[in-house]
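Visitor: Build the full structure now, drawing on both the sequences and the hints.
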Amino acid sequence: MRLFTVFVLFCYSVIIGILSGFMISFALHRIQPADINAILQVAGSDMQIRQILFTTGVIFLTVHIFFITQIIGKWQRERTIAFKMASGVVTIALSAVEDLIKKATMIIPEIKDLKPNIIAGKKNSIEVNIRLTLKSETNIPELTTKLQDIIRSKMSELGIDADIIASIHVAKISAFEDKKSKSSTAEQTDDKEPSMPFSNYRA
Amino acid sequence: MIKDESARTEFGVIRIHKKAISSAAAISACEIEGIKGLGKDIHGQLLGIFKRGRDRNAIRVEIDLNGEVKIDVPLIIKYGFNIPEVAALVQENIRKNLEKTTNLVIKDINISVQGIERG
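Residue numbers (this note's numbering), protein chains in the order written: chain A, 1 to 203; chain B, 1 to 119.
Worth flagging that the hints you see were computed from the coordinates, not collected in a lab. All values derive from a computational prediction rather than experimental measurement. For every residue, glycine included, the Cβ atom is placed at its ideal position computed from N, Cα and C. It cannot be assumed that every hint is accurate.
Claimed, not checked - Partial chain B-side listing against chain A, Cβ under 8 Å, derived: (1) Asp108; (2) Ser112; (3) Val113.
As the list claims (entries may be wrong) - Label-pair restraints from in silico Cβ distances: (4) B/Glu33 <-> A/Gly121: 32 to 38 Å; (5) A/Lys146 <-> B/Glu62: 54 to 60 Å; (6) B/Val105 <-> A/Val63: 33 to 39 Å; (7) A/Gln48 <-> B/Glu99: 36 to 42 Å; (8) A/Val58 <-> B/Glu33: 43 to 49 Å.
Said to hold, decoys possible - Footprint (simulated), chain B over chain A, 3 or more residues, beta carbon under 8 Å: (9) 81–87; (10) 92–101; (11) 155–168.
Guide: So this is what it looks like as structure tokens:
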């Protein structure tokens with residue numbers, strides 16, 4: 001992996017060196033637009049140069065993609081909770097804990113949607129921020145207390161002995177259920193066959 | 001970095017490749033109840049874009065100059081199982097199986113829980 005990093009740094013330094021040299025030369029009139037045009041025309045007409053350019057471009061692009069994924073991977077790895085066991089370290093991705101909290105709390109029927117966000121603090125604390133969408137006619141204080149209890153118990157089940165700060169933000173109270181039920185009753189009334197006028201009339 | 005662990009016998013050298021160690025560790029990890037499967041490393045995630053990284057073993061094995069082995073195991077755990085307990089069982093099973101089958105000295109078995117899924 002170190003060799004790869006050296007190679008990437010070499011590629012980037014070569015590209016930046018060429019680009020900055022070109023920009024300085026162009027600004028100081030060392031390179032004329034006609035020169036660039038001539039170089040581009042030669043490169044465009046020669047098949048071998050085009051092939052070389054294509055291969056170099058593909059290599060640079062591949063290296064760049066790998067480098068970006070490495071950076072993203074490292075960033076993702078940093079978002080973890082770790083604890084020591086007898087045989088080694090166990091790290092839990094915060095996204096996994098978020099997933100666990102979501103699964104544990106979505107069983108509460110009053111909750112329509114829930115988005116947890118966990119931040120590991122520096123001073124042995126874990127901040128759990130939850131954004132809630134509730135169904136209407138929900139007792140919010142009761143529900144939030146229940147939710148905080150679930151979060152604390154789940155975190156202690158994971159073996160996390162840090163201070164847990166569970167913040168709950170009720171973002172929306174949805175009345176979707178009512179609308180749905182109203183629309184379903186409306187559909188039911190529509191489904192009934194319309195009565196024919198004077199259908200019971202007999203001559 | 002050493003690519004494989006070797007031992008000399010009277011007939012020649014026996015080499016155990018890192019891939020063999022990683023495969024054995026993968027099997028040992030998946031034996032434990034509560035394990036949904038193995039997670040993916042960066043290369044696996046990248047190959048997953050092209051739908052070719054499914055079978056890639058993401059367990060990373062490092063062997064230092066003293067012949068001690070360090071194993072990084074990314075895991076997906078089933079929902080409802082106690083993560084520290086399952087992780088400890090996985091560490092124990094990997095250590096036991098690898099020491100039994102390869103006679104290697106396992107220094108560290110680092111578990112990283114990447115996700116929780118319903119079984």
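Visitor: Please check whether the segment 155–168 of chain A has three or more residues whose CB lies within less than 8 Å of a CB on chain B.
Guide: holds (count 3)
Visitor: How does the Cβ-Cβ distance of valine 58 of chain A and glutamate 33 of chain B compare with 43 to 49 Å: does it lie in that range?
Guide: holds, 46 Å
Visitor: If you check the beta carbons of valine 105 of chain B and valine 63 of chain A, does the distance land in 33 to 39 Å?
Guide: holds, 37 Å
Visitor: Holds or violated: the segment 81–87 of chain A covered by chain B, criterion of 3 or more residues with Cβ-Cβ distance under 8 Å?
Guide: holds (count 4)
Visitor: Does the Cβ distance between glutamate 33 of chain B and glycine 121 of chain A fall inside 32 to 38 Å?
Guide: Given range 32 to 38 Å: holds, Cβ gap about 34 Å.
Visitor: Holds or violated: is the Cβ of aspartate 108 of chain B closer than 8 Å to a Cβ in chain A?
Guide: holds, 4 Å
Visitor: Holds or violated: the 36 to 42 Å window for the beta-carbon distance between glutamine 48 of chain A and glutamate 99 of chain B?
Guide: At roughly 58 Å between Cβ atoms, glutamate 99 of chain B and glutamine 48 of chain A fall outside 36 to 42 Å, so the hint is violated.
Visitor: Quick check on the hint: serine 112 of chain B CB to chain A CB, less than 8 Å?
Guide: The hint holds - serine 112 of chain B has a Cβ within 8 Å of chain A, the shortest such distance being about 4 Å.
Visitor: Three or more residues of the segment 92–101 of chain A near chain B by CB distance under 8 Å?
Guide: Per the Cβ count (6), the hint holds.
Visitor: Report holds or violated for the interface hint on valine 113 of chain B, using the least CB-CB distance to chain A and a cut-off of 8 Å.
Guide: At 4 Å from the nearest chain A Cβ, valine 113 of chain B passes the 8 Å test, so the hint holds.
Visitor: Does the Cβ distance between lysine 146 of chain A and glutamate 62 of chain B fall inside 54 to 60 Å?
Guide: The hint (54 to 60 Å, Cβ to Cβ) is violated, given that lysine 146 of chain A and glutamate 62 of chain B are roughly 45 Å apart.
The structure does not agree with the numbered hints 5, 7 stated previously, though it agrees with the rest.
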